[in-house]
Amino acid sequence: MKIVFTAKGTDMDAAMDPRFGRTEFFVIYDEDTRNVESFDNRAIEGEAHGAGPKTAQKLAEYEADVLITGNGPGGNAATALKATGIEVYVGAGDMTVKEAYEAYKAGSLKKA
Amino acid sequence: MGKVKEIVVISGKGGTGKTSITASFAYLGGKELIVADCDVDAADMHLLMAPDFGKSEDFYSGELAFIDQDTCIKCGKCQDVCRFDAIPVIDTQYVVDPLGCEGCGYCARVCPVDAITNSEPNVGKSFISGIRTGATMVHARLSIGADNSGKLVAKVKNEAKTLAEKENKMAVLVDGSPGVGCPVVSSLSGASFVVLVTEPTVSGLHDLKRVYELVKKFGIKAGCIINKVDLNTDLSGDIRTFLKEENIILLSEIPYNVKFTEAMTDGKTIVEYDKELGNIISKSWEKIKEIEKLQGKLK
Amino acid sequence: MKIAIASGKGGTGKTTLSTNLASFIAESRECVLSDLDVEEPNSGLFIKAELIHKEDKFKMIPEWEKSKCELCGNCQTVCNFNAVLKMGKMIMVFPELCHGCYACSELCPTGSLPMKQKKMGELKSYKTGNLNFIESKLIIGEEQAVPLIKQTINYVDDNFGEDVIKIFDSPPGTSCPVIEATRDADFVILVTEPTPFGLHDLKLAVETVKQMNKSFGVVVNRYGIGNDGVEMYCKEENIDIIASIPNDRLIAETYSRGELLYPAIPSVKEAVISISEYIENNKGWAK
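Chains as they are written, first to last, in our numbering: chain U, 1 to 112; chain F, 1 to 299; chain B, 1 to 287.
Worth flagging that the hints you see were computed from the coordinates, not collected in a lab.
Wrong hints could be hidden among the right ones.
Stated by the list, open to error - PhoX-like cross-link-like pairs, simulated, lysine-lysine; straight-line CA separation at most 20 angstroms:
#: 1; chain 1: F; residue 1: K209; chain 2: U; residue 2: K8
#: 2; chain 1: B; residue 1: K124; chain 2: B; residue 2: K66
#: 3; chain 1: B; residue 1: K48; chain 2: B; residue 2: K124
#: 4; chain 1: B; residue 1: K137; chain 2: B; residue 2: K119
#: 5; chain 1: B; residue 1: K86; chain 2: U; residue 2: K58
#: 6; chain 1: U; residue 1: K98; chain 2: F; residue 2: K3
#: 7; chain 1: B; residue 1: K86; chain 2: U; residue 2: K82
#: 8; chain 1: F; residue 1: K125; chain 2: U; residue 2: K110
#: 9; chain 1: B; residue 1: K203; chain 2: F; residue 2: K125
#: 10; chain 1: B; residue 1: K59; chain 2: B; residue 2: K137
#: 11; chain 1: F; residue 1: K217; chain 2: U; residue 2: K110
#: 12; chain 1: U; residue 1: K82; chain 2: B; residue 2: K66
#: 13; chain 1: F; residue 1: K55; chain 2: F; residue 2: K3
#: 14; chain 1: F; residue 1: K209; chain 2: B; residue 2: K86
Model the full assembly from the supplied sequences, consistent with the hints where possible.
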């Protein structure tokens, strides 16, 4: 499974970014290959409106199965994400990416 | 992971005393805080905080079309496609009206001679200032006629948050935007605690309920200060009932007192100006600190 | 005759003034008051009138029709507001972000994004005696005030003749919605309070109306508090202070109950009389 995290850095030790639309980075973890990738989303700061859907579209390119974030995507972003079929889990805003992953595996995150 | 707390003060309706109260909190919190004035359309905190405007940055947003008259062949295609009546003919020339242009870029796409360019206009300025309490304040000014999209608010907030994290401050204190639109949503995003300032008038209660709908949607803990409480006992009662129903903490009730405005006129926060009113506000601040477990680091 | 009532700062008394002024004028002639603070309309709390008409207000939004779509993505390219996105094999439209420029629709090579109506607000029309009251409100989640403000003004133009005095209660501040609300006004009344906050925001409002080449005057509310900063500024800038309403706890209490002020409070009655006379003498409205 491919899992995406909204983060403030580029690796598993990075802090989670509680936001979705304006998250600084994505950390993408492929459970099968154990590969860790990242995407720099900071250009989104320049967008006045529509940050959520735009970020969702970027995320769609990675074809991830699961998204783990903090507060959860806003209305428009959620609509966009639904179209991709990705599963969204929230509540990891205060953790590191690694901790968030462990929480997800342990079933302690909430499904949005 | 050191997540900095954000206390956001909003009101829904204007004129309830939001900025005056926020200024008092800023005074009480002193150096422990980073202050953010997110009321960018009509920013007023600086009138009480004596900022030094140390650092300023131009703010660009949206798009504005511009027609190069030398290249223009006056075919009128741009005017045909503009849905916002923003390309009038003035003295036989097709000219973009900057106040009407929505920045959609359609005119530029249809111009057969590429006479139209789009630029990101300078629509305001943001500042980082030292203020008289010894703290740092992030504030901004949106230019006239600009689209208050919440982007400038977000910028002010993020700047404040970054500073607070870097300098290990106790909290970010935000003077929020009025109303219920994008700027308020932007003021609220990331908030740990919301202070609702209201007054016992039909407008006050009406707007309190509307703005609380937003707060509820974000699931943020909230407290309320009823200003001018003795103006109308029936409505104060209605407000208290509403607060109870929604589990909003009643932080304090401030009596109607001209000293409130006198302090502002004197360039002072209320806690500096009047003991009785100041005490009530100090108690509210202490309550907020307790609820949010804010611990000062300075002795 | 179109009069817009505006202010830089919120809470100065725009709605108080517009409701009282309109009600007073309506005692002797036909008048229509429109609340253009479409995000948060409040004047209705002070006007007791009968609802005579209600209509939904729409904006035009593109709707994706997939049968002929070739997923070229041109729609996304031409949208400056991120309102149209190509997500895999779908075209998604985000109505709240759409500004209604029609670019995606008209530039689509296959005609797969026809523009359709989407409700974004409601307009309600009330009447009591000579006073007509129009209130427009955005539906929850709808962010853009400008289209509804525009449509409300058009409604007033279409339904009320030249001889009806038109008063527009505008939103506070100086951004787009205020520009739209005051755009067609023959005269703008700026309401302020004589305090540093009031003065600061008044200056912003003055800058705005000057940039729009509007004829304007100032009404000072809660006169007696604060200082003479506003008075001095108006004197220096040659701005007429048309009327002053004194600071009075009784006024605040009456207002708090949602009641009109001028019937029972002489100082407010004097103010609305002064304002009516000023406009009649200086701007001359059609008899």
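CA of K82/U to CA of K66/B, is that 20 angstroms or under?
holds (18 angstroms)
Is the straight-line distance between the alpha-carbon of K86/B and that of K58/U 20 angstroms or less?
holds (11 angstroms)
Agreement of K48/B and K124/B with the hint, judged by alpha carbon distance not exceeding 20 angstroms
holds (13 angstroms)
Can you confirm whether the C-alpha distance between K59/B and K137/B stays at or below 20 angstroms?
Holds - the C-alpha atoms of K137/B and K59/B are around 14 angstroms apart, at most 20 angstroms.
Pair hint K98/U and K3/F, alpha-carbon separation not exceeding 20 angstroms
holds (18 angstroms)
Pair hint K125/F and K110/U, alpha-carbon separation not exceeding 20 angstroms
Not satisfied, since the Cα-Cα distance of roughly 40 angstroms exceeds 20 angstroms.
Hinted pair, alpha-carbon criterion (20 angstroms max): K86/B, K82/U. Please report holds or violated.
holds (14 angstroms)
Between K209/F and K86/B, does the CA-CA distance stay at or below 20 angstroms?
Between K209/F and K86/B the Cα gap is close to 38 angstroms, so the pair fails against 20 angstroms, i.e. violated.
Do the alpha carbons of K209/F and K8/U lie within 20 angstroms of each other, as the hint requires?
Violated, at about 35 angstroms.
Given the hinted pair K217/F and K110/U, is their alpha-carbon gap at most 20 angstroms?
Holds. K217/F to K110/U sits at ~17 angstroms (cutoff 20 angstroms).
Given the hint that K55/F pairs with K3/F, does the C-alpha gap stay at or below 20 angstroms?
violated (25 angstroms)
Given the hinted pair K137/B and K119/B, is their Cα-Cα distance within 20 angstroms?
This hinted pair holds, its Cα atoms lying about 11 angstroms apart.
Consistency with the previously given hints fails for numbers 1, 2, 8, 13, 14, ordered from lowest to highest.
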